[in-house]
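The chain contents come next:
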Amino acid sequence: MKIIVVDDEPLIAQTLVEILRGEGHHAISVSNGKSALEWASRLSPDLIVSDIIMPGMNGIETAKEILKCLPNCRIILFSGQMSSTDILERAQAEGYLFELLAKPVNPEVLLSMIDRGLAGPDEP
Amino acid sequence: MGRLFTGRSDDVEHERLAAVIFDGMYQFVALLTPKGDILEVNRAALEGAGHRIEEIRGKPFWTARWWQVSEEIQEQLKAAIRRAASGEFVRYEVQVYGEKSGLNPITVDFSLQPIRGESGEVEYLLPEGRNITERKEAENEADRQGEERFRAFVAASSDVVYRMSPDWTTLRHLVGRRFIADTQSPDQSWLEHYIHPEDQQVVMAAIQQAIQTKSTFELEHRVFRVDGTLGWTLSRATPMMDDQGNIVEWLGTASDVTARKQAQEKLRKSLEKLNEQALLLDLSNDAVLVRDQEDRVTYWNRGATEIYGYTREEAAGRVTHELLRTEFPEPLERIQEKLSRDGRWSGELIHTRKDGGRIIVGSCWALERDGKGKAARILETNNEITQRKQAEDALRRLAAIVESSEDAIVSKDLNGIVRSWNPQAERMFGYTVEEMIGQPITIIIPPELYSDEEMILGKIKNGQKIDHFETVRVAKSGERIDVSLSISPVKDERGRIVGAAKIARDIREHRRIERALRTTEKLAAAGRLAATVAHEINNPLEAVTNLIYLAKRDLPDADRVAIHLNMATQELERVAHIARQTLGFYRDTTAPIRMNLDKTLNDLLLLYEKRLEVRNIRLVKQCVPDAEVKAFAGEIRQAISNLLTNSMDAMPAGGTLTVRIRRTHKWNNFDVPGVRITIADTGTGITPEHRRNLFQPFFTTKADVGTGLGLWITRGIVDKHGGLMQLKSGTGGNRHGTAFSIFLPFDREQAVQSPSTQDASGRKVSTEVFTQ
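Those protein sequences? They're chains A and B, same order as listed. With this note's numbering, you'll find the first sequence wraps up at 124, consecutive numbering, no jumps. With this note's numbering, you'll find the second sequence wraps up at 772, consecutive numbering, no jumps.
Hints are not guaranteed to be accurate.
Once the Cα atoms are required to be at most 35 Å apart in a straight line, the calculated DSBU-like pairs of lysine-lysine come out as [unchecked claim]:
1) K34(A) x K621(B)
2) K136(B) x K338(B)
3) K621(B) x K491(B)
4) K34(A) x K491(B)
5) K599(B) x K630(B)
6) K2(A) x K610(B)
To spell it out: a stretch of chain A is covered by chain B in this simulated footprint if at least three of its residues, at any positions, have a beta carbon under 8 Å from a beta carbon of chain B; those stretches are [to be verified]:
7) 10-19
8) 101-111
Think of the hints as simulated: they come from the structure by calculation, not from any bench. All residues carry an ideal CB built from backbone N, CA and C; glycine is no exception.
Throw the hints in and build the complete structure from the sequences for me.
Here it is as C-alpha cells:
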C-alpha cells in the first residue's frame, strides 16, 4: 500500500514511516500540507495519515485538496488536541468523512486499522 | 308780699312788720303796676336816688332819677317792663344813679319779677336791684390785668391770640392776624362766628373737658377765615387762675395750620390711592417695597412678606439693606449713582430671609421724585431668581427619589459629619437616621480603611468627583459590605464646597457574579491550557510510543534499540519539563511572594515556543534579568500569559513579538517604583470602536477560541496589584500592531496607599493611538 505520512514533528513522521515500512508498506513522510499535495499528485497513494494541527495548511484542508484529485484515497487523521474535533465536525457537515485517531496513537491500533480497511473512528 | 301791699289784709300787725322789713332791706326794692307805674319804693332805693316816695308814686318807673344815666338805659328798662308784664322774669346788669353823694353811677344786678294775682294775671311787678359796683370794679381790675397780659401775649406771638371768659361763654378779645376776623369787644356768639358747624360739637366737648380738669385746651379744627373760606387752626388755651385757684379767664393762641392740613389731606388721599394700589400690589408674587431717601421701608407688600418672612409691621421703618443684609453685585455708591442718573437700576442681589436662608433676587429699583424734582423715594420690586418654590418642588421630587432609591444616599460635611441618611442607607447599614445624623461617617468605615476617608475628603475639597470607588463598609451588625461609592462635592449657591453627597451601592451581588465569572474564566483558561498542554505533551508521547514500538520490533538489534530508547528518553524529558511548568502555572499562592518576572516570562515563552515557531513569529526579548515584584505569582503569570496569547493570536500570518521588561516608576505617580512589562505584536491592530470595549467582560473578536474574559481578568489582576495598564494600537500604514504595557509596583502594599487617578470610565487604563 502506498502511504504518505504528514506531520510537522519530524520525529513522529519518521518513526511512523519506519513502523509502516516494517509492515511492508511503501511509506514516505512530509512535514506540511503543501508537500503532501505535491507528493500525493505524483504517487497517487492509497492512504494519507496526517496530523491535523500543522502550520500552514492544516490536516483537514490538506485532506480535502487531496480528495479532489484522488477521490478514492483513504484518509486517517490524528490529533493531540480535542479542539480538532470541532474542525472535523465542520468538515463532516460539509460532507467529508475522515477517520480520526487521538495522539498518542498506539502503532498496533493504527496498523490493524489499516489492515481492516475502512473502519470507524477508534478510541485508544 | 303782694298781699302785704294790697291793703286788703285785716292783719295790720303783719302789714306793719312787712313794711319794716321792706324798708330795712339793703338792696333796692320797689313795687310797680304792670304798666310800670311806681306803687312803693323801699328806703334804701329812695335814699340812693335822693327821692321821696310822694314825689314819684304813680309816675312811670323809668322817669325816676335812678334811670337818668342815659336814654338807652331808660329804653332798656321800658323794654324790660314790657317783657315782665307779659310774665317773663328779666334780669340784667345795668348802671344807675344810686348814691346820693355823687354823680357816679353804680352798677346793679337788676331784676324784674312779675307777680300774678289769683286770676293768674300779672298784677304787680317787683323790681329789685343789688349794688355790685365793688365786685364789678374788682372784675374790671382783673380784666385790666388780663388785658395787659393779653397785650404782652399779642406782642410776643405772631399767632392769633384770644381771651375767653372762665366758662368760655364770652370771647373777650381776639387778635385775628388777618387769618380770622378780629373781635374787640366781648362776643357771646363767637362759636357761630368762627367755628365750622361740623366742628362746633367737638370744640365744645374739648372746652368742657378743659374746664373740668382746669387743664390746657388744645384742638385742631376748622375755622372761618377773614375771607370767609375755611381754614384749619391749632388752638391752644391755658386757664388763668386767681389765688384761690379759680379760673379767671383763658388765654389762647390759634395758629394757622391750613397749609399743613391741606398737605396732610392730600397725603391722606394719595395714601388712600396708594393703599388701593397696595391692594393690587399685594396680589403680586414679587416682593414690592417702597423706601424713603434714608432707605427706610415705607411700604411692604404681601409678596415681600412671603419671600422674606418679615411682616409689614416688622419691616416698616427699617433700613432695607440692613434688614435684608443685602449683598450688592457692585458697590452701592455706583448703584446709587446710576439710580440718580437714569432713575432706575436693576440687577441681582443676595438677600437674607428672616429664617436666615439666603436667596438671590432679580431687583428692579425706580426712583420717584417729588414735585421739585428732588428724589423722594425708591420703589423696589424683587423677584426670587432662585425660584424658591420651584426649587422646593424640585427638592421634594429629589427627596422622593432619594427616599425610594435602591442605593444608599448620604450627605456629609467637610468634617465627615453625616448630614442626611436615606432609608436605603438605613437598610444597608442598619443605622437609623437618628443614630447617624451628626455622627462621623467613620462609624461605617472599617478602621483599616480610615485613610480612605481622608483621601475622599481631600479630593472633595479640591472639587474632584469620585466615581465607582469600590471599597468595604461595615454595617451596624458588623457585617462587611462591598460597596461602590460615587462621591460628588456639594456646593453652596456661591460655589463653595460645603460637603459631599455620597451614593453607596451594595455590590455584594455584583461581586458574587464577578467571582463566578472569574471562576468561569479560570476554568476556561484551564481548558485552553489543557489544550495547549495536550498538544505539547501528546506529540512527544506519540513519538515515545512509536519509538517504544520500534524498540520492541528491533529487539534483537541492540544498537537500534538503544537509539530508539535514547530518543524516547529525550522526548519524555520534554514531557516532564512541560508538566512541571504547567503544574507551576496552577500552584497559586494565598499570599504575595517575591517573583522574578524574567523567569516567569521565560517559563511562559517555553510553553508557547512551539506555537511561535509554528506561526512563524519572531521573538524579540529585551528584559532586565533581575526585575522582581511582590505579587500573587499565579495571577501575574496568568495576566502575562493572556497578553502573550492575544499577541500571538493577532499575528496568524507571522510577525514579530516584542517582549520587554524595564524597571521604571508609575507613570502617574513617580513616587511608586516598579516594573513595566511590554508585550507588542505587529498584528492588524485594534480598531477604535473595539478599543472602547476591550476591557469589558465577554468582549471578544475571536469567536472560535476566546471567552472574552482575558483582558477583563488581566485588568482585574493588575488593579489588584496597584498597577496600571496601557494600550497603544495602530491599524494603518507600516506601523500597525498593538502594544500592551503593564506596570507593577515593586510592592503592592505601598502602591495601594497612594491610589491612582482613574479615567472617566473608572478604569485604570489609558489608551493611546500612535498611527491611524
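Each hint tested on the structure:
Taking the CA atoms of K34(A) and K621(B), the gap is about 32 Å. The hint holds against a cut of 35 Å. Restraint check for K136(B) and K338(B): the C-alpha separation of about 76 Å exceeds 35 Å, so the hint is violated. The hinted pair formed by K621(B) and K491(B) fails the criterion: a straight-line CA distance of about 53 Å is larger than 35 Å. Restraint check for K34(A) and K491(B): the C-alpha separation of about 73 Å exceeds 35 Å, so the hint is violated.
Note on K599(B) and K630(B): the hinted pairing holds, with a Cα-Cα distance of about 14 Å set against a maximum of 35 Å. Under the criterion of a C-alpha separation no larger than 35 Å, the hint pairing K2(A) with K610(B) is consistent with the structure, at around 31 Å. Here the region 10-19 of chain A counts 6 residues with a CB under 8 Å from a CB of chain B, which clears the bar of 3, and the coverage holds. Counting residues of the region 101-111 of chain A whose beta-carbon sits less than 8 Å from any beta-carbon of chain B gives 7, enough to reach three: the coverage restraint holds.
In the structure shown, a violation is registered for the earlier hints numbered 2, 3, 4, in ascending order.
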